[in-house]
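Trainee: For reference, the chains in residue letters:
There are 2 protein chains.
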Amino acid sequence: MSGDPLAATCPAPTTEHERVLLGHGSGGRLMAELIDQVIATELGVTAPPEDAALVGIADLDLVFSTDGYVVTPRFFPGGDIGSLAVHGTVNDLAMRGARPLALSLAYLVEEGLPIEELRRVTRSVARAAAEVGVPVVTGDTKVVGRGAADGLYVTTTGLGVRLREAYPSAGSGQPGDVVLVSGPLGQHGMAVLDARAELGIDSGIISDSRPLHRLVAAMIEVGGAAVHSLRDPTRGGLASALNELAAASGVGVELVEQHLPVSAQVAAACELLGLDPLHVACEGCLVAFVAPEAADRVLTAMRALPEGEQARRVGVLTQGPVGRVLARTLIGSHRVVDMLVGEQLPRIC
Amino acid sequence: MSGDPLAATCPAPTTEHERVLLGHGSGGRLMAELIDQVIATELGVTAPPEDAALVGIADLDLVFSTDGYVVTPRFFPGGDIGSLAVHGTVNDLAMRGARPLALSLAYLVEEGLPIEELRRVTRSVARAAAEVGVPVVTGDTKVVGRGAADGLYVTTTGLGVRLREAYPSAGSGQPGDVVLVSGPLGQHGMAVLDARAELGIDSGIISDSRPLHRLVAAMIEVGGAAVHSLRDPTRGGLASALNELAAASGVGVELVEQHLPVSAQVAAACELLGLDPLHVACEGCLVAFVAPEAADRVLTAMRALPEGEQARRVGVLTQGPVGRVLARTLIGSHRVVDMLVGEQLPRIC
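Those protein sequence lines, which keep their order, are chains A and B.
The UniProt record's numbering numbers the first residue of the first sequence as 1 and each following residue consecutively.
The UniProt record's numbering numbers the first residue of the second sequence as 1 and each following residue consecutively.
Here chain A stands alone, though its shape is the one from the complex (with noise of 0.2 angstroms):
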């Protein structure tokens, strides 16, 4: 093969990529191998498909997650960056099955940056945390020379303790569970487009961004433990969430096309600019995989809550292939529902 001048020029697996690229950051497959081959490798561990991880002290089951938010603008319809971080982690939290206990709250501040603006995200802030019932304990702020950040990102990380009636997990799916969904899809992602003024028309699309605790402990409270994974489809939407807990439970999934919950507003904007909006992030938004006996009740007790009144069943999980995500058209055909690869959207939450 020496002579094969393809053989010289053929590019790199993505994994061996030399510098990191936007869509390293994309919630998609390449975020997953730079995770998985990269910071998991040399942390040597096994990186688990969560969004939050548990600390086991005494008879407590302490729940753990953090997420930095960079998302431009930092005011959109719906929300802004400090809504967004406190909503983020308590989700996060929240898909452990977990009651929020507290908030750290760390700022990284580009010099420059209007101190009104750093007041009114802090108030948005303390807004959202004081809804959710989460004090917000300990904090940072770190500053930063002109040129070397973007106005200002956050770092929040949760402290929650679990509910003693569920272990949701990525992995705990099954055969035959239903497939929920709380709510409309695609919200969030269009609507920080729409602020961005990169849609060009004035969408009206309101971001999602809200907590889900609650309607969480609602599902626990009807489901217990047949509440088996729940996941808040944010960066790489419900097609990488899917994607990840079908992988991690070892099952396949099938949805009905139809039911998925898009709305005519993101469903217009997302053929516009070419989206799937499957790829598209929410931030209010959960999927659940729940054992069909209770799948009714959970369901009715979702609906009963502003934040998942437009729940629905979407599909379910089946032998196999395993990882794999179908979805059943209008006219009977399946299509493969696949991961986001490389970037769609930066920097949108």
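Just so you know, the hints here were simulated from the structure itself, not pulled from any lab data.
Beta carbons are placed, not taken as given, at the ideal position from N, Cα and C, and that holds for glycine.
Do not rely on the hints blindly, as some may be mistaken.
Here are the in silico distance ranges between beta carbons for each label pair [stated by the list, open to error]:
no., chain 1, residue 1, chain 2, residue 2, range
1, B, D36, A, D36, 41 to 47 angstroms
2, B, V45, A, A197, 32 to 38 angstroms
3, B, R297, A, G224, 50 to 56 angstroms
4, B, F75, A, A264, 51 to 57 angstroms
5, B, P321, A, P114, 56 to 62 angstroms
6, A, G171, B, D296, 25 to 31 angstroms
7, A, G171, B, A267, 53 to 59 angstroms
8, A, A268, B, D59, 53 to 59 angstroms
9, B, G56, A, P175, 24 to 30 angstroms
10, B, F75, A, A268, 46 to 52 angstroms
11, A, F75, B, A267, 29 to 35 angstroms
12, B, Q37, A, H334, 40 to 46 angstroms
Taking beta-carbon pairs under 7 angstroms as the criterion, some of the chain B residues facing chain A (in silico) [said to hold, decoys possible]:
no., residue
13, L22
14, H24
15, L101
16, E111
17, A149
18, D296
Since the structure of chain A is provided, determine the placement of chain B on it from the hints.
Mentor: Leaving out everything else, chain B in the frame of chain A:
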């Protein structure tokens, strides 16, 4: 006064700067004002002068602390941004008398960072965490475009549980307490400056970055509740740490200048640059207020460990003036050791 031109041009007080300045991240007075008047005010809390928060659940005293790291350059003599992030957060937990249980790790990466560098930093995180004996249990990775960050920023959050024998707090110092310092001052800040080649000399100064949880455990083992206050003097140096602790405890501090441990290298480099070593950051050193009857045995316990072998008494707490830190000089006069105002060394941690 309406005819007085000075009245019209007098600069606004520092608390009303309209934009964030580098000095707001200094660890000194400007930062204290920003946190107090903007962040704590909007969160509706009184900013506690502590490095870590207590979270009580069941009968456990959990300790929770977060810190962002923006040090430049990322690799310096004695450490790098990864080991620094682990040590800094472990030390913040230790200053509240806590044993570390778990860490989270959030990366903010600028597009284009060599993956090998991310690997190297992560390896350093892993090594430092293993040396401490604390697992990194959860994390997050965000990527922003070129020019929206400076390579790599790291935010670590730590969860710990309080040792039962003592309750060190910034506000617990008492007049008569002995002031102990565990090691030489200013090593970290000067090592980073040297790595930036700003000293213009090859000073050979090495950062003191290291974990202090074992030192604290040894102090508490022999000193118990007599260990009143602990602080690692990072940004703003020993001067800022002592000013904060003195104000919180309602005491004065009287230091003996010649007892303050500053290496000849750091003293020379500071003199060259016109810096006060008491304002330069340490990352592996602590200051303690200890009841006089326990001071000798605490000091002996400190000296038995490598990280405390240079520990010494440097002063005492007085009735006041409250919040005033004085240093008695060789010739018997006193000088005021003030908090850092503005920014001396940006991006030192």
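Trainee: Broken hints, numbered, in rising order?
Mentor: 5, 6, 9, 11, 12 and 18
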